Amino acid sequence: MRPMLATARSDLPRGAGWLYEFKWDGIRALADVHDDTVRITTRNGNDVTVAYPELLALRTEFSDALLDGEIVAFADGRPSFESLQQRMNVHQDAPARALATTNPVAFIAFDLLRLYGVDLTGRELHERRETLQRLADGSDPADSSWSLSPAFDDPDAVSSAARAHELEGVVAKRADSRYHSGARSADWVKVKFIQRSEFVVIGWESASESATRLSSLVLGYFADGRLRVAGKVGSGLTNATARSLQKQLVTDLSPTELDLKASPGRVLTRVEPRTVVEVSYSQWSNDTDQARLRHPVFVGVRTDKDASEVGRD
4 MRPMLATARS
14 DLPRGAGWLY
24 EFKWDGIRAL
34 ADVHDDTVRI
44 TTRNGNDVTV
54 AYPELLALRT
64 EFSDALLDGE
74 IVAFADGRPS
84 FESLQQRMNV
94 HQDAPARALA
104 TTNPVAFIAF
114 DLLRLYGVDL
124 TGRELHERRE
134 TLQRLADGSD
144 PADSSWSLSP
154 AFDDPDAVSS
164 AARAHELEGV
174 VAKRADSRYH
184 SGARSADWVK
194 VKFIQRSEFV
204 VIGWESASES
214 ATRLSSLVLG
224 YFADGRLRVA
234 GKVGSGLTNA
244 TARSLQKQLV
254 TDLSPTELDL
264 KASPGRVLTR
274 VEPRTVVEVS
284 YSQWSNDTDQ
294 ARLRHPVFVG
304 VRTDKDASEV
314 GRD
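In the numbering used here, each residue carries its 1-based index in the sequence shown increased by 3.
By construction, these hints were calculated from the structure, which means they are not laboratory data. Do not rely on the hints blindly, as some may be mistaken.
Cross-link-like lysine to aspartate or glutamate pairs, in silico, EDC-like; alpha carbons within 16 Å at most [to be verified]:
no., residue 1, residue 2
1, Lys250, Glu275
2, Lys26, Asp114
3, Lys195, Glu169
4, Lys193, Glu24
5, Lys195, Asp114
6, Lys26, Asp143
7, Lys26, Asp159
8, Lys195, Asp67
9, Lys195, Asp146
10, Lys195, Glu171
11, Lys26, Glu171
12, Lys193, Asp316
Quick list of simulated restraints, FRET-style, between CB atoms [stated by the list, open to error]:
no., residue 1, residue 2, range
13, Ser266, Thr134, 34 to 44 Å
14, Pro144, Glu312, 33 to 43 Å
15, Ala60, Ala160, 42 to 52 Å
16, Thr291, Ala60, 43 to 53 Å
17, Ser257, Ala226, 30 to 40 Å
18, Val270, Asp143, 55 to 65 Å
19, Ala101, Ala189, 15 to 25 Å
Fair warning: this is a prediction, and the values are worked out from it, not measured in the lab. All C-beta atoms, glycine included, are put in the ideal place defined by N, C-alpha and C.
My request is simple: use the sequences and hints to build the entire structure.
What follows is the structure, encoded as structure tokens:
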């Protein structure tokens, strides 16, 4: 099972039959609970259960369920992707348990795909949410390992609230939509208020021939099956992140048609397009394939995203 995906648009659909939810700034995940076990997987199918030991408490609230939702870390009452990054690449029990105490995450559910062995994906969204609401009503919010993402019928009110709290955006979903695993559907629409997108790292730059430290990343995305250049980002990259990225990037020596040029006084190394990062920016320079990002700032590495899925929003 893979999460159903929303289609990006610049404006929200309106009219009867639409539900509106906040777009949480976290990691999309499926929580599979059965036989007293919990398995957490990302949208590309990676098992990340070990990284979030606090979510094992889901087995005390569900005997058999498959939840679709978002893993979110909070700072000052708001979702913080920066805080979440500290949890994302942990692969051992001891450090994961320590971080669960000092930097806990929450599982915010917005869909229910299976309950007590019954597949619910063929039912309409409003039915699935009604069942999820009953489950949420029966739990103690102060002692629960999950919460229900609220849904509303007023797009303007939701948009205003999202902007006021500096949330990433709003997702609109048709109330009668069925759940299609792994599909990107027009029945679900996402609108971002903060310009942030995922990009594939296709190269990196160092300050000079003698310098070996990564100082900026060359970014790309896929369009019509071809790799395009999006620009470069250095702002926001810490020394620790630069060192970590440099270790995992694999040099690509194969021929390329990409127009990759080093910045003046710098050396560019092309890499295989495997690593996905998230970047904020003010806008694109234009609407063509030659467009570049303006004022890009590095946000973080997205280990939950597959490079082949990265396109231009």
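Which earlier hints can't be squared with this structure?
The structure breaks hints 5, 6, 8, 9, 13, 15, 17, 19; every other hint is satisfied.
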